[in-house]
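Participant: Residue numbers (my numbering), protein chains in the order written: chain P, 1 to 381; chain E, 1 to 393; chain Z, 1 to 291.
Take the hints with a grain of salt, since some may be wrong.
Claimed, not checked - Pairwise CB distance ranges, derived in the manner of DEER restraints: (1) P:G114 to Z:A269: 38 to 44 Å; (2) E:A360 to P:G114: 32 to 38 Å; (3) E:A360 to P:F106: 36 to 42 Å; (4) P:L124 to Z:T55: 55 to 61 Å; (5) P:F106 to E:E292: 57 to 63 Å; (6) P:A11 to Z:A80: 40 to 46 Å; (7) E:V83 to P:L244: 54 to 60 Å; (8) Z:G132 to P:L244: 51 to 57 Å.
Since the hints were derived computationally from the structure, they do not count as laboratory data. A virtual CB, placed ideally from N, CA and C, is assigned to each residue, including glycine.
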Amino acid sequence: MIQEKKSKKGAFIALVCVVVLLLLSIVLENTLDPIKNTTFFTVLRKGAVYALVASSMNLLNGFTGLFSLGQAGFMLVGAYTYAILTIPSASRESVYYLYGGSVVNFSLPELFGGGAFGLIFGVLLALILAGLVAAGVAWLIGLPVLRLKSDYLAIATLGFAEIIRAVLQWDKLGPVTNGANALKSFPTFSSFNLPGLRLSIFMAFLLAAICIAVILLLINSSYGRAFKAIREDEIAAEAMGINLAKHKRLSFCISSFFAGVGGGMFAMFANQAQAKTFTTAMTYEILLIVVIGGIGSISGSCIASFLYVAASEWWLRFLDTEMYIGTFKVPLLRNGFRMVVFSVVIMIVVLFFRKGIMGDKELPDLLRKRKAKAAGREGAK
Amino acid sequence: MKKKALSMLLAGTMVLGLAACGGGTKPEGTSGDGEKVVRIGVFEPSTGDSGPGGKQEMLGMQYANQETPTVVVGGETYKVELVYADNGSDAAKAPTAAADLVSKDVALVLGSYGSGVSIAGGPTFEEAGLAAIGVTCTNPGVTAGNDYYFRICFLDPFQGTVLANFAQEKFSAKKAYLLGELGNDYDQGLLTFFEQAFDGEVVKDSFPTNTADFSTYLNKAVSEGCDVIFCPVSIAYSTQIVKLAASMGLETPILGSDTLDSNMVLEAAQNSKVQLFVSTFYQEGGAPAFDEGIKAYINGDSTALTNNGGNDTIAAVTAMGYDAYYTALEALKAAGSVEAADVKAALPNVTYTGVSGAIAFDATGDAIRDTAYIKTADTANNVWALEATQTVK
Amino acid sequence: MQYALSIFLSGISLGGQYALIAIGYTLVYGILRLINFAHGDVFMVAGLFLVYLSTWFPLWAALPLMLLFTVALGFAIERAAYKPLRSAPRMSVMISAIGVSYLLQNLATYITGGLPKSYPELPLLSNNVTIGGVSTKWVTIVTPFLVLVLVLALQQLINHTKVGMAMRAVAKDFETSQLMGIKINSVISMTFIIGSFLAGVGSMLYFTNYPSIVPLSGALPGLRAFVAAVFGGIGSVPGAVVGAFIIGMSESVIKGSPFSIFSDAFTFALLIVILVVKPTGLFGEKVTDKV
Numbered sequence: 001m002i003q004e005k006k007s008k009k010g011a012f013i014a015l016v017c018v019v020v021l022l023l024l025s026i027v028l029e030n031t032l033d034p035i036k037n038t039t040f041f042t043v044l045r046k047g048a049v050y051a052l053v054a055s056s057m058n059l060l061n062g063f064t065g066l067f068s069l070g071q072a073g074f075m076l077v078g079a080y081t082y083a084i085l086t087i088p089s090a091s092r093e094s095v096y097y098l099y100g101g102s103v104v105n106f107s108l109p110e111l112f113g114g115g116a117f118g119l120i121f122g123v124l125l126a127l128i129l130a131g132l133v134a135a136g137v138a139w140l141i142g143l144p145v146l147r148l149k150s151d152y153l154a155i156a157t158l159g160f161a162e163i164i165r166a167v168l169q170w171d172k173l174g175p176v177t178n179g180a181n182a183l184k185s186f187p188t189f190s191s192f193n194l195p196g197l198r199l200s201i202f203m204a205f206l207l208a209a210i211c212i213a214v215i216l217l218l219i220n221s222s223y224g225r226a227f228k229a230i231r232e233d234e235i236a237a238e239a240m241g242i243n244l245a246k247h248k249r250l251s252f253c254i255s256s257f258f259a260g261v262g263g264g265m266f267a268m269f270a271n272q273a274q275a276k277t278f279t280t281a282m283t284y285e286i287l288l289i290v291v292i293g294g295i296g297s298i299s300g301s302c303i304a305s306f307l308y309v310a311a312s313e314w315w316l317r318f319l320d321t322e323m324y325i326g327t328f329k330v331p332l333l334r335n336g337f338r339m340v341v342f343s344v345v346i347m348i349v350v351l352f353f354r355k356g357i358m359g360d361k362e363l364p365d366l367l368r369k370r371k372a373k374a375a376g377r378e379g380a381k
Numbered sequence: 001m002k003k004k005a006l007s008m009l010l011a012g013t014m015v016l017g018l019a020a021c022g023g024g025t026k027p028e029g030t031s032g033d034g035e036k037v038v039r040i041g042v043f044e045p046s047t048g049d050s051g052p053g054g055k056q057e058m059l060g061m062q063y064a065n066q067e068t069p070t071v072v073v074g075g076e077t078y079k080v081e082l083v084y085a086d087n088g089s090d091a092a093k094a095p096t097a098a099a100d101l102v103s104k105d106v107a108l109v110l111g112s113y114g115s116g117v118s119i120a121g122g123p124t125f126e127e128a129g130l131a132a133i134g135v136t137c138t139n140p141g142v143t144a145g146n147d148y149y150f151r152i153c154f155l156d157p158f159q160g161t162v163l164a165n166f167a168q169e170k171f172s173a174k175k176a177y178l179l180g181e182l183g184n185d186y187d188q189g190l191l192t193f194f195e196q197a198f199d200g201e202v203v204k205d206s207f208p209t210n211t212a213d214f215s216t217y218l219n220k221a222v223s224e225g226c227d228v229i230f231c232p233v234s235i236a237y238s239t240q241i242v243k244l245a246a247s248m249g250l251e252t253p254i255l256g257s258d259t260l261d262s263n264m265v266l267e268a269a270q271n272s273k274v275q276l277f278v279s280t281f282y283q284e285g286g287a288p289a290f291d292e293g294i295k296a297y298i299n300g301d302s303t304a305l306t307n308n309g310g311n312d313t314i315a316a317v318t319a320m321g322y323d324a325y326y327t328a329l330e331a332l333k334a335a336g337s338v339e340a341a342d343v344k345a346a347l348p349n350v351t352y353t354g355v356s357g358a359i360a361f362d363a364t365g366d367a368i369r370d371t372a373y374i375k376t377a378d379t380a381n382n383v384w385a386l387e388a389t390q391t392v393k
Numbered sequence: 001m002q003y004a005l006s007i008f009l010s011g012i013s014l015g016g017q018y019a020l021i022a023i024g025y026t027l028v029y030g031i032l033r034l035i036n037f038a039h040g041d042v043f044m045v046a047g048l049f050l051v052y053l054s055t056w057f058p059l060w061a062a063l064p065l066m067l068l069f070t071v072a073l074g075f076a077i078e079r080a081a082y083k084p085l086r087s088a089p090r091m092s093v094m095i096s097a098i099g100v101s102y103l104l105q106n107l108a109t110y111i112t113g114g115l116p117k118s119y120p121e122l123p124l125l126s127n128n129v130t131i132g133g134v135s136t137k138w139v140t141i142v143t144p145f146l147v148l149v150l151v152l153a154l155q156q157l158i159n160h161t162k163v164g165m166a167m168r169a170v171a172k173d174f175e176t177s178q179l180m181g182i183k184i185n186s187v188i189s190m191t192f193i194i195g196s197f198l199a200g201v202g203s204m205l206y207f208t209n210y211p212s213i214v215p216l217s218g219a220l221p222g223l224r225a226f227v228a229a230v231f232g233g234i235g236s237v238p239g240a241v242v243g244a245f246i247i248g249m250s251e252s253v254i255k256g257s258p259f260s261i262f263s264d265a266f267t268f269a270l271l272i273v274i275l276v277v278k279p280t281g282l283f284g285e286k287v288t289d290k291v
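Start from the sequences, fold in the hints, and give me the full structure.
Facilitator: Okay, here's the thing in structure tokens:
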């Protein structure tokens, strides 16, 4: 009973935090100089997208204990679904210039009548469909693959991601997927900017927050507890009456659903969708985020993705350019040094801070423990 | 553990906050000694699979910057500073690299070598109201639908057609073997345009990224009895293909696009029977003063020499980088201001006659060009020789 | 006919080169239950070692030095990145392996400046030879035989020496063998040394055939070799070799067919089929989970 009350309180605090964060994103974007802070804004948008994708991977790898490396493949499916459904009809000819137009000749925002309403509902529906298609693909892949154990599962999902990429790049499918060419001209986060009010970061945060909230609700439901039981011990879980196959499939499909939505959002962030960006290296990147944040902590994944994106693409960028202090040339600084430093930092985290930033705790847990401790101390006095 | 986590979190938030504030306090417009400075962004890859090409392109800009380090804008002399952002040849990293340039307050942007990153970075520039001049990104998608992107090179449809015509005129080719990287828009676009313009049979293959074994593909071309091989692939792959062809003693002519115009590819063909033809933007000897100057520049700087593949043969992309820099200066002069918006407004009407020919922009922002040089590898002397100048109306 | 022969030759040489990498994967997996994702990058770095060493030393000195450095690298990676995690969950070690792979690739990009490096020509191996009208390099012919010799030597080592016995024991049961007085750490180091040595030899053969090294050169052969190791039954050396030849050959055949764009996809499809039909691979032993 008390436990429940506490978790409700935690959820409430979390909700308030998220709302504050969302409001802050609007304030920040509209008060800071838009030119000088472009990098900051871009990092925030990318961080939000990665936070969602990392959370979805964490759901599978951290909470269900299924080590899958197919995340980039599902993101790819999501990104393509989103892009194909939302490219305006007028732009189709120029986007699909190699194939003389696309076979998909409608655009969801236009189907909803265009304008602000059409944009919002079209994009939302396209993102949901992106997730559903990714989940459908995951269901198919899961049929053979989910029977495999740990490492084998990892390598098989990785293999499937590569197969998906090869298929989408096939020029025979060009009229749908645009072959090797990038899909572009679809609505992006910046499309939500109103004259006088910029909402691009807010949109990225809002979408990511909704999805992550759903993931959190799921984790705290009876399904989530079943997932955790599978992670701890498959055989014991089965003995407790948990249907292994069903729950694994469910976790795999849900994780892929959000990876698909994340993929669509990634396309919105990158302004284009092209299969060759969604490589195994991307999956590894996301995996490293999950590890840095703490396997089994959604808030950890979120924090880590912002830190990771900011560090790799912003704070450390100065390492790439030669620098002089007076006449002294700082040694080692040249192109590529940034990534070397960055990977050393990652290795240090992996080796010496094995639990990552959050371990398997969530943010409210930390607050609560601190309060409990403080209360304890007071009591001792 | 908990404390550590919290402190890390706090530190992270603080840095984030600091960086956000720090962004606003950048010195603007002046360098330390009171000299006025205008910044030009260089949006080029120096890592990833287009890294070698991007570096050669930057050489041209760096040389031009050394040659003409100042520009007179609106009666005042400004020092030109090149600001670099490595887009890593990766469309996923391009938006942040582009954003980095935008936040560094550049007047306009040059780049990129490849089209994929240009398409990905384009909207960031557009949103910031910043004009970008594409140097060698030949995909139609770069400028289409983006008012802020211009380019000084020809386009893929043009290049594909030129090479297809050349194959038919020079070799009376009836059957062509087309080879490109799977999922690479540059390769696949050129293959398609070549196929469309080629009046005969084609065999088309794509290899997965990071392939190293091309022997099966080349043997297939031979066994199918193809008259020419067309492989518009990036430098890393083309050196391997040409090297392999050299060691196989392949006599089928190999046609390549502007990416193959690199001394690394030339070296791969050295002392062999390979017949290599490439279409490109610039032929060495076209502007003797430029040739001499850049050779001296490359030879005088060990980093530049390494970036140019260890010798001083001039790549066409270097000439293009050089022209791009001067086009940018022209735009600044025409704008009479270093404000991004003014530069953008002035750019469509800018004309400039560079070492690679006359540059002017059409309504979409593409260069009006109708000439491509076709060069052949003189394998005995390790130099490029001019084969033909091709035009398509 | 000539074309078929050329496909066959290319398949055989690819297979041999994958085999040498696959052995490294299979030995490590057999003992540590770890997919050593960094192994393909060790292979790439071995290639770079020779590129740089051959500019400073004559080839007869550079080659042994390259093997020595590669072995040292493999040893150092195990000590630095895997040993501290011996008691950690398997996933952590695998992530550490991915981290090492990331680090090696980024270091290679930094040092080479991202430019492709030309592999030095090796005497004899780089020379051309014509068989049945197909021109190829000597290395293509030498590879399968060299692989055979090395594998036989390795089998001798595993089956008839004390170290080999220790390796087999550790692979069978980690804890019991520790109780029996086997020095686990030195056995594991030995495994990495052997694996890296073979990767070094493999890189010599591979890059003589495909003489251009970029930081990602190791990724694809590494992945294919791993697939080969799984295919043959992970943990089994003969399995890895057979698997590698099958993968190499099928890759070559697919490339020669009109479906060349699916050559990668096909490799993985093959892997998934074998995993589903016979999860232990062709020669693998069945392992049951204990509650």
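Participant: Each hint should be assessed against the structure and marked as holding or not.
Facilitator: Do the hints match the structure? See the list:
Take G114 (chain P) and A269 (chain Z): their Cβ atoms lie about 43 Å apart, and the range 38 to 44 Å holds. In this structure, A360 (chain E) and G114 (chain P) meet the distance hint of 32 to 38 Å, their C-beta atoms being roughly 37 Å apart. Distance hint for A360 (chain E) and F106 (chain P): a CB-CB separation of about 39 Å, consistent with the stated range 36 to 42 Å. A C-beta distance of roughly 59 Å is found between L124 (chain P) and T55 (chain Z), which places it inside the suggested range of 55 to 61 Å.
In this structure the hint that F106 (chain P) and E292 (chain E) lie 57 to 63 Å apart at CB holds, the actual value being about 59 Å. Taken as a hint, the range 40 to 46 Å holds for the pair A11 (chain P) and A80 (chain Z), whose Cβ atoms sit roughly 42 Å apart. Distance hint check: the CB atoms of V83 (chain E) and L244 (chain P) are about 56 Å apart, consistent with the given range 54 to 60 Å. Judged by the Cβ atoms, the range 51 to 57 Å given for G132 (chain Z) and L244 (chain P) holds: they are separated by roughly 55 Å.
In summary, the structure agrees with every hint in the numbered list given earlier.
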